[in-house]
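Participant: Sequence:
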Amino acid sequence: MNNETDTPVNTDNYLLRSVHTNNFPKILDQLGISLVVSTYQAGKLIVLRADNGVINTHFRAFKKPMGLAVTNEKIALGTAYKIWDFRNVPAVAEKIEPQGKYDACYLPRNIHITGDIDIHEMAWVKDELWFINTRFSCLCTLGHPNSFVPRWRPPFVTGYDLTDRCHLNGFCLKNDLPKYVTALGETDTAAGWRKNKANGGILIDIETNEVLIRNLSMPHSPRWYQEQLWLLESGNGSLAKVDLNQRKLRTIAKLPGFTRGIDFWGNLAFIGLSQVRETAVFTGMPITELQERICGVWVVNILTGETIAFLRFEAGVQEIFSVAVLPNIRFPEIIEWDENLLANSYVLPDEALAETIKTTVEIAMAETHLLKGNKLYQKGELVEAIAAYQECLKLQPDLTIAKYNLGVALGDNQQYEAAINVLEQVINTEPDNADVQNSIAYAYSQKGELHKAIKHYEKAIYLNGNFAKAHFNLGITLLKNGDLKRGFAECEWRWQTGQFTPFQCPHPRWKGEDISNKILLIHTEQGAGDAIQFIRYVPLAAKLCQGIILVCLPELIPLFKNIPEIDKLMPPGELKLSEFDIYVPLMSLPYIFGTTLETIPANIPYLQSTNSNPINLTNTQYKVGIVWSGSSTHKNDGNRSCKITDFLPILQVPGVKFYSLQKGENRQELTQVPSNIQIEDLSYQLNNYADTAAVIEQLDLVITVDTSVAHLAGALGKNVWNLLCFNPDWRWLQEVEDTLWYPTMKLFRQSQSRKWQEVIEKVQEHLWKIITGNMIISNK
1 MNNETDTPVN TDNYLLRSVH TNNFPKILDQ LGISLVVSTY QAGKLIVLRA DNGVINTHFR
61 AFKKPMGLAV TNEKIALGTA YKIWDFRNVP AVAEKIEPQG KYDACYLPRN IHITGDIDIH
121 EMAWVKDELW FINTRFSCLC TLGHPNSFVP RWRPPFVTGY DLTDRCHLNG FCLKNDLPKY
181 VTALGETDTA AGWRKNKANG GILIDIETNE VLIRNLSMPH SPRWYQEQLW LLESGNGSLA
241 KVDLNQRKLR TIAKLPGFTR GIDFWGNLAF IGLSQVRETA VFTGMPITEL QERICGVWVV
301 NILTGETIAF LRFEAGVQEI FSVAVLPNIR FPEIIEWDEN LLANSYVLPD EALAETIKTT
361 VEIAMAETHL LKGNKLYQKG ELVEAIAAYQ ECLKLQPDLT IAKYNLGVAL GDNQQYEAAI
421 NVLEQVINTE PDNADVQNSI AYAYSQKGEL HKAIKHYEKA IYLNGNFAKA HFNLGITLLK
481 NGDLKRGFAE CEWRWQTGQF TPFQCPHPRW KGEDISNKIL LIHTEQGAGD AIQFIRYVPL
541 AAKLCQGIIL VCLPELIPLF KNIPEIDKLM PPGELKLSEF DIYVPLMSLP YIFGTTLETI
601 PANIPYLQST NSNPINLTNT QYKVGIVWSG SSTHKNDGNR SCKITDFLPI LQVPGVKFYS
661 LQKGENRQEL TQVPSNIQIE DLSYQLNNYA DTAAVIEQLD LVITVDTSVA HLAGALGKNV
721 WNLLCFNPDW RWLQEVEDTL WYPTMKLFRQ SQSRKWQEVI EKVQEHLWKI ITGNMIISNK
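Take 1 as the starting number for the sequence shown in the UniProt record's numbering and just add one per residue.
Derived from the structure by calculation, the hints contain no laboratory data.
Please note: incorrect hints may appear among the correct ones.
[Claimed, not checked] FRET-style restraints, in silico, Cβ to Cβ:
1. Asn421 with Pro601: 14 to 24 Å
2. Val125 with Glu417: 27 to 37 Å
3. Met365 with Thr599: 18 to 28 Å
4. Thr596 with Glu362: 50 to 60 Å
5. Gln30 with Glu565: 35 to 45 Å
6. Ala91 with Asn428: 22 to 32 Å
7. Tyr684 with Lys248: 42 to 52 Å
8. Pro150 with Ala191: 14 to 24 Å
9. Gly594 with Gly305: 18 to 28 Å
10. Glu669 with Ala91: 47 to 57 Å
[As the list claims (entries may be wrong)] Derived BS3-like pairs (lysine-lysine); straight-line CA-CA distance at most 30 Å:
11. Lys663 with Lys568
12. Lys635 with Lys26
13. Lys469 with Lys452
Given the structure is predicted, the values throughout are model-derived calculations rather than measurements.
Quick reminder that beta carbons are idealized off the backbone N, C-alpha and C, glycines included.
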């Protein structure tokens, strides 16, 4: 299946169009970066920015842009006969519409005329710009009033002229000094490198003037990273490590294009690919043997060589020269020439700034604090972001955007009452702002004031009928309030929020129409707990269609394989379109079937253990399985999970045999349990949910926080006590101690956020009563 998102971009001259894998923008978002790409063939500088789940490809026109040198504060760009010096002016970024979206704005500060010297790779050595002068076959710096100042040339080049004697093209720094260069030939005649371009490339040590490796196929882009030397052997379309001891390359990845331009972030390499023109320059190279040669940016895991994402240009761009990461900048703007903006933007030295009119200084400082708060918020540093917004508001008390951002940050930091107080002030100023209505609704929902939350979500939707996030948030709140039918309907907006990845398929999606002669593919979504809870709808769907194919997590397949209504089980991956006619997300089935509290399918058990060789629990004591922590990747895990030490009062109840069903890294907490408390750790024997089900069926009780194990025990019809945080998931409603989803489940709720003591004491008391015979529980 095609996992790409089409993102056409119109320019004045022609259509520039790209497609990318769905995870490309997610990677940029998670890393907090953006990319800058130069293409001399298209005459563009391209900024790749994540924007609501897609890549925003932002183009600026230059004549023959090639070399790039990038930091947070500045960008140098080499073009046909100029070097542009751009500087980041954060105060300007805040003024660009829509305000608050841009976190950097690079404005031109200087333009240096070099003449036509075919500028290739560039790098900042502290504050000095170094660059490859390909026509003069040397490494240069700038020097006024000179066009350039030669600083080094290969030892085999006898002098300076304009004939491109060896096609010097790439260089890199080591320990902040120029160290390695690449060239396409070890030649000293005009364009002499062209005679053996397929394998005449070399790598040179600038410090020793020694040629380290020969016979390379058009090498480019050497980089010293993670204490290793990397380069692109462009003629082979590869990324390679350089073994400096043995003086040879080790290929890490082969890519479907002419590799040129690379930057790193973490364990990822962002690599430029060019299509390679059908010209004499490229004849004889291995890369020309590929049937399809692609232009784009490939993301490669440098530990494994695996391609994990890509963006491919499909029109307008055929060749890329440089790729550079903008660290900690998510959505930058680059202004090549905007007379109005440049005429009204000022960068002053600190001494002059100190003597400007006070009110101007206060406004500028307020904007600085606002910008700082925005950056801190994007990095997840909420306490620091809140402090920055508060400093901003001390200087500009009526700055609405600062108040709004402060309210959002307070809400994300679980300071809901404070968030509501601030957002109410914003609503008084901007009552018709849908975003503010959505944000205050969220704060009310997290406080448990659902009716107020619903009112504000509905106002947000009234103001903006296509506000997908507000629709989805309203749906979750309605579900929590017990209005399942309307709630599930509103939750269908989830696919338009950018938080969920749609199942990409040319077949139609089932919405409740007649499918009696069709094969229905059902795919799970979100976590294993959701899949276990909603798999109960599969038999209902099976009655309406010709057959069922279920796509689910591999670890669920052994558990689901004995559901008779499922004709075929598959893990996520490539699917044959011929095998099914229509599809539906599993969690859309309650909406299709019009589920209400009164019509929840609760024929328990609806799952059974399928493990033919279960773990045998022979102990005759009262057997209790425990889970104290969920997956750390769950967005609410900090609230829903606790520590094994919180469970100690429960574990001290005599006459009970405890078994740990805890999986993941938190099972190591068992070492914190005192030696006089015996817990048998079964985690190493639980390879999938079928194994866990086989154990649960032999237990008398499961005590767990809100994890997939709670759903599994409930689906098996076993007694399960579910320990809930103060603001639990929607499916557990409010205040009630039982649930219509699982008749054998009892709910124990926190009365204060992240305070487990009261919950644990209640569980301990109930367990004592069972052991002493004062309470009887049985499977219903």
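Participant: Now look at each hint and say whether the structure bears it out.
Facilitator: Here is what the structure says about each hint:
1. Asn421 with Pro601: 14 to 24 Å: At roughly 43 Å between Cβ atoms, Pro601 and Asn421 fall outside 14 to 24 Å, so the hint is violated.
2. Val125 with Glu417: 27 to 37 Å: Taking Cβ atoms as reference, Val125 and Glu417 lie about 52 Å apart, which means the hint is violated.
3. Met365 with Thr599: 18 to 28 Å: For Thr599 against Met365, whose Cβ atoms are near 59 Å apart, the range 18 to 28 Å is violated.
4. Thr596 with Glu362: 50 to 60 Å: holds (57 Å)
5. Gln30 with Glu565: 35 to 45 Å: Since the Cβ atoms of Gln30 and Glu565 sit about 38 Å apart, the hinted range of 35 to 45 Å holds.
6. Ala91 with Asn428: 22 to 32 Å: holds (28 Å)
7. Tyr684 with Lys248: 42 to 52 Å: holds (43 Å)
8. Pro150 with Ala191: 14 to 24 Å: Distance hint for Pro150, Ala191 holds at roughly 20 Å.
9. Gly594 with Gly305: 18 to 28 Å: violated (50 Å)
10. Glu669 with Ala91: 47 to 57 Å: holds (48 Å)
11. Lys663 with Lys568: Given pair Lys663, Lys568 holds - Cα atoms ~28 Å apart, limit 30 Å.
12. Lys635 with Lys26: holds (16 Å)
13. Lys469 with Lys452: Between Lys469 and Lys452 the Cα gap is close to 17 Å, so the pair holds against 30 Å.
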